[in-house]
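Residue numbers for the sequence shown follow our numbering, so the first one is 404 and each next one is one higher.
Source of the hints: derived by calculation from the structure; they are not laboratory data. A virtual CB, placed ideally from N, CA and C, is assigned to each residue, including glycine. A hint or two may mislead.
[Stated by the list, open to error] So the derived label-pair ranges between C-beta atoms look like this:
#1 P481 - K538: 57 to 67 Å
#2 I548 - Y432: 50 to 60 Å
#3 K436 - T484: 55 to 65 Å
#4 P424 - I495: 12 to 22 Å
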Amino acid sequence: TGSLGLDLAAAIKTTLITTRPVKIPTGVYGPVKIRGQVVGGLLLGRSSTSIMGLFVLPGVIDADYTGEIQIMAHTPFPPITIEAGQRIAQFIPLPQITRGLQPVMQDPRGDQGFGSSGVAMLTMDLHSRPKKKVKLTYAGHTVEIWGLLDTGADTSIVS
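Given the sequences, and given the hints that come with them, work out the whole structure.
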């Protein structure tokens, strides 16, 4: 079919009685294999789930995860009941483009969910942001200041 994701259902009847996020078991265990290939992916809510007032928090399922896949969800309008077998999330498989990168930790993911796998693509000490000395000239006057290389803003204002 043309479906991009694989539906995931609640393994047990679950009632959310507060607005706090809960973990909903699926009974599905990793690693996830598609056509014999182990894959990781994104866990997202189904559109029909959001319409009923249940919001699935997005998550990443690593290719080497071997535990039970759980769905993190919350509702701003408790109580809400999810029936066993009710499809509430979808797994979107993704290629692992980080394969070959050296992780910070050498430990495999195993069945330890809800934490970092250790691979960091970019780290930066926020106390030593990239700065550059610039000269600003206006109406014959020049001033030198230190400025951030990239403030993340579309416009820079100097006063």
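Here is how each hint holds up against the structure:
no.: 1; hint: P481 - K538: 57 to 67 Å; in the structure: 59 Å, holds
no.: 2; hint: I548 - Y432: 50 to 60 Å; in the structure: 57 Å, holds
no.: 3; hint: K436 - T484: 55 to 65 Å; in the structure: 32 Å, violated
no.: 4; hint: P424 - I495: 12 to 22 Å; in the structure: 20 Å, holds
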